[in-house]
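Peer 1: With chain A fixed as given, assemble chain B onto it according to the hints.
Chains as they are written, first to last, in the numbering used here: chain A, 1 to 89; chain B, 90 to 449.
Any given hint might turn out to be false.
[Unchecked claim] Under the rule of at most 20 Å between Cα atoms (straight-line distance), these lysine to any residue pairs were calculated in the SDA-like manner:
| # | chain 1 | residue 1 | chain 2 | residue 2 |
| --- | --- | --- | --- | --- |
| 1 | B | 179 | A | 89 |
| 2 | B | 102 | A | 57 |
| 3 | B | 102 | A | 53 |
| 4 | B | 275 | B | 206 |
| 5 | B | 268 | A | 53 |
| 6 | B | 268 | A | 59 |
| 7 | B | 101 | A | 87 |
| 8 | B | 102 | A | 11 |
| 9 | B | 101 | A | 80 |
| 10 | B | 102 | A | 8 |
| 11 | B | 179 | A | 8 |
| 12 | B | 179 | A | 50 |
| 13 | B | 101 | A | 12 |
| 14 | B | 102 | A | 85 |
| 15 | B | 102 | A | 84 |
| 16 | B | 179 | A | 7 |
| 17 | B | 179 | A | 59 |
| 18 | B | 101 | A | 86 |
| 19 | B | 275 | B | 355 |
| 20 | B | 179 | A | 12 |
| 21 | B | 179 | A | 42 |
| 22 | B | 102 | A | 7 |
| 23 | B | 101 | A | 9 |
| 24 | B | 101 | A | 88 |
| 25 | B | 179 | A | 70 |
| 26 | B | 102 | A | 86 |
| 27 | B | 102 | A | 87 |
| 28 | B | 179 | A | 68 |
| 29 | B | 179 | A | 88 |
| 30 | B | 102 | B | 119 |
None of these hints come from the bench; they were simulated from the model.
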Amino acid sequence: MATVHLPRSLVTLFTDPPPRHLQLTSTSLADLVDELDQRWPGMRDRLVEAGPRLREHINVFVDGERQRELATPLGDGSVVHVIPAVAGG
Amino acid sequence: MTQRVEVLVGTKKGAFILESDPARRDWQLRGPFCQNWPTHDFIRAADGTLYAGGGNNWYGPSVWRSADNGATWTQSSAGMTYGDGEDAPKITTIWKLADAVSNGTIYAGVEPAGLFRSDDHGATWSHVAGLREHPSRPEWQPGNGGLCLHSIVTHPTDPNRMWVAASAVGTFETSDGGKTWETRNKGVRADFIPGPAPEFGQCVHKLRLHPDQPEWLYQQNHMGVYRSDDGGRQWTEVTDGLPSEFGFPMVIHPHDPRTLYVIPHSGPADGRHMIDGHAAVWRSRDRGDTWQRLSSGLPQENAYIGVLREAMAIDSLDQAGVYFGTSTGQVFGSADEGETWTLMADYLPPIWSVEAAVVD
Numbered sequence: 001m002a003t004v005h006l007p008r009s010l011v012t013l014f015t016d017p018p019p020r021h022l023q024l025t026s027t028s029l030a031d032l033v034d035e036l037d038q039r040w041p042g043m044r045d046r047l048v049e050a051g052p053r054l055r056e057h058i059n060v061f062v063d064g065e066r067q068r069e070l071a072t073p074l075g076d077g078s079v080v081h082v083i084p085a086v087a088g089g
Numbered sequence: 090m091t092q093r094v095e096v097l098v099g100t101k102k103g104a105f106i107l108e109s110d111p112a113r114r115d116w117q118l119r120g121p122f123c124q125n126w127p128t129h130d131f132i133r134a135a136d137g138t139l140y141a142g143g144g145n146n147w148y149g150p151s152v153w154r155s156a157d158n159g160a161t162w163t164q165s166s167a168g169m170t171y172g173d174g175e176d177a178p179k180i181t182t183i184w185k186l187a188d189a190v191s192n193g194t195i196y197a198g199v200e201p202a203g204l205f206r207s208d209d210h211g212a213t214w215s216h217v218a219g220l221r222e223h224p225s226r227p228e229w230q231p232g233n234g235g236l237c238l239h240s241i242v243t244h245p246t247d248p249n250r251m252w253v254a255a256s257a258v259g260t261f262e263t264s265d266g267g268k269t270w271e272t273r274n275k276g277v278r279a280d281f282i283p284g285p286a287p288e289f290g291q292c293v294h295k296l297r298l299h300p301d302q303p304e305w306l307y308q309q310n311h312m313g314v315y316r317s318d319d320g321g322r323q324w325t326e327v328t329d330g331l332p333s334e335f336g337f338p339m340v341i342h343p344h345d346p347r348t349l350y351v352i353p354h355s356g357p358a359d360g361r362h363m364i365d366g367h368a369a370v371w372r373s374r375d376r377g378d379t380w381q382r383l384s385s386g387l388p389q390e391n392a393y394i395g396v397l398r399e400a401m402a403i404d405s406l407d408q409a410g411v412y413f414g415t416s417t418g419q420v421f422g423s424a425d426e427g428e429t430w431t432l433m434a435d436y437l438p439p440i441w442s443v444e445a446a447v448v449d
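So that you can see chain A by itself, here it is in the shape it has in the complex (with noise of 0.2 Å):
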């Protein structure tokens, strides 16, 4: 299982919101994706453009290290966390 963190933009932009902090089977982060989409419909456009790609300002660090591939493995025990790029304005 992979411990996933997500921010509290992205959880509050669904009517029946994601916990903040979940576990899920998922062996990649293309997986991962597919999941909190099929549990929440619409979260894969949220984080997920053409290509297909993880969107410009969306970060993902994995164990510590940021990921830009979605084909990027999980494993038992992977800590997952979804940051959007810092902004100002």
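Peer 2: Chain B in isolation, oriented as in the chain A frame:
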């Protein structure tokens, strides 16, 4: 039935509603809704549903929907894509929402320029692909505001006819429900393109139609104000009498297709704000043959404010109310067709859209 008037305001940081009784003297502000979602357009559809469209720098484009007057909201961009391939253009935001009068369909104009429709109240969207299949599409170039499809004009009785406009591409018309499109730019200047007048590339800022005269189109362009008597096949410039050819928004009187309003700005190289800092709306009662300056109640000193293309609206009461929002967060309104103006709201985020609705 007690009527209320709403002015729906889309801003860089979400949406707001100003509400009043039909006297339109005292306005109450509700919101923000869709907070932190940059909102290019915010409308109330004929069935009462609220829709807000825009794009978020992190989470992309989406259309928000509320069926309970703003108490709860859902958002979706399902199907709003040009494909998932490596080279597929990335849609960044929604610029315009339009309620097709005859059948309940909602249309969305997006950036980069394209048209989508929803037949299920915004839950899912499908691409009206015919527009981007137009042979001119590889040559479309963005204006300073982006390659945005900002005007969607539906025919009042024929669901197969529609006009759209994009900057700096021009106006197109479909007569077959969006399968095929034809350019509608003849007579519109594009002096920024060398050589003879092009078929497309004109920089429309706002395109309007009056439902009582659906062959009469009007546009505020980067290069002047124009009218058409034949659905856009030929345009006639009616800029004479205005202090500037440059401006963004335009509205038409709801009960008089001869009456239109524009807000001339200093030129594209001169700041793009109220001319000399004197705020004014200009009205024509004769389809642009003559113009009248309206400024009573508007700031006349050091008012270097700007009004963007979607940020003017007119309500449907017998004595129409006219409203505009500024890119510095003020909303001004007139309950007497522009004769006198008051400040309805201040200190809002930069305003990108203003729409008006009369609700029973």
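Peer 1: Hint check: residue 179/B vs residue 70/A, CA-CA at most 20 Å. Holds or violated?
Peer 2: 17 Å, holds
Peer 1: Are residue 179/B and residue 7/A close enough, with their CA atoms no more than 20 Å apart?
Peer 2: The hint is violated at about 23 Å.
Peer 1: Taken at face value, is the distance from the CA of residue 50/A to the CA of residue 179/B at most 20 Å?
Peer 2: With Cα atoms ~6 Å apart, residue 179/B and residue 50/A stay inside 20 Å; holds.
Peer 1: Is residue 101/B within 20 Å of residue 87/A, Cα to Cα?
Peer 2: With a Cα-Cα distance of about 15 Å, the restraint between residue 101/B and residue 87/A holds, given a limit of 20 Å.
Peer 1: Is residue 101/B within 20 Å of residue 12/A, Cα to Cα?
Peer 2: 18 Å, holds
Peer 1: Would you mind confirming whether the straight-line C-alpha gap from residue 101/B to residue 80/A stays at or under 20 Å?
Peer 2: Not satisfied, since the Cα-Cα distance of roughly 31 Å exceeds 20 Å.
Peer 1: Could you grab the alpha-carbon distance between residue 101/B and residue 86/A and see if it respects the 20 Å cut-off?
Peer 2: Holds, at roughly 18 Å.
Peer 1: What's the verdict on residue 102/B and residue 87/A, does the C-alpha distance respect the 20 Å limit or exceed it?
Peer 2: 14 Å, holds
Peer 1: Hinted pair, alpha-carbon criterion (20 Å max): residue 275/B, residue 355/B. Please report holds or violated.
Peer 2: The given pair, whose Cα atoms are some 26 Å apart, is violated under the 20 Å limit.
Peer 1: Has the given pair, residue 102/B with residue 11/A, been kept, meaning a C-alpha gap of at most 20 Å?
Peer 2: With Cα atoms ~18 Å apart, residue 102/B and residue 11/A stay inside 20 Å; holds.
Peer 1: Between residue 179/B and residue 42/A, is the straight-line Cα distance small enough, at 20 Å or below?
Peer 2: 17 Å, holds
Peer 1: Mind checking the alpha carbons of residue 179/B and residue 68/A for me, to see if they're no more than 20 Å apart?
Peer 2: 17 Å, holds
Consistency note: the structure conflicts with the earlier hints numbered 1, 3, 4, 5, 6, 9, 11, 16, 19, 20, 29.
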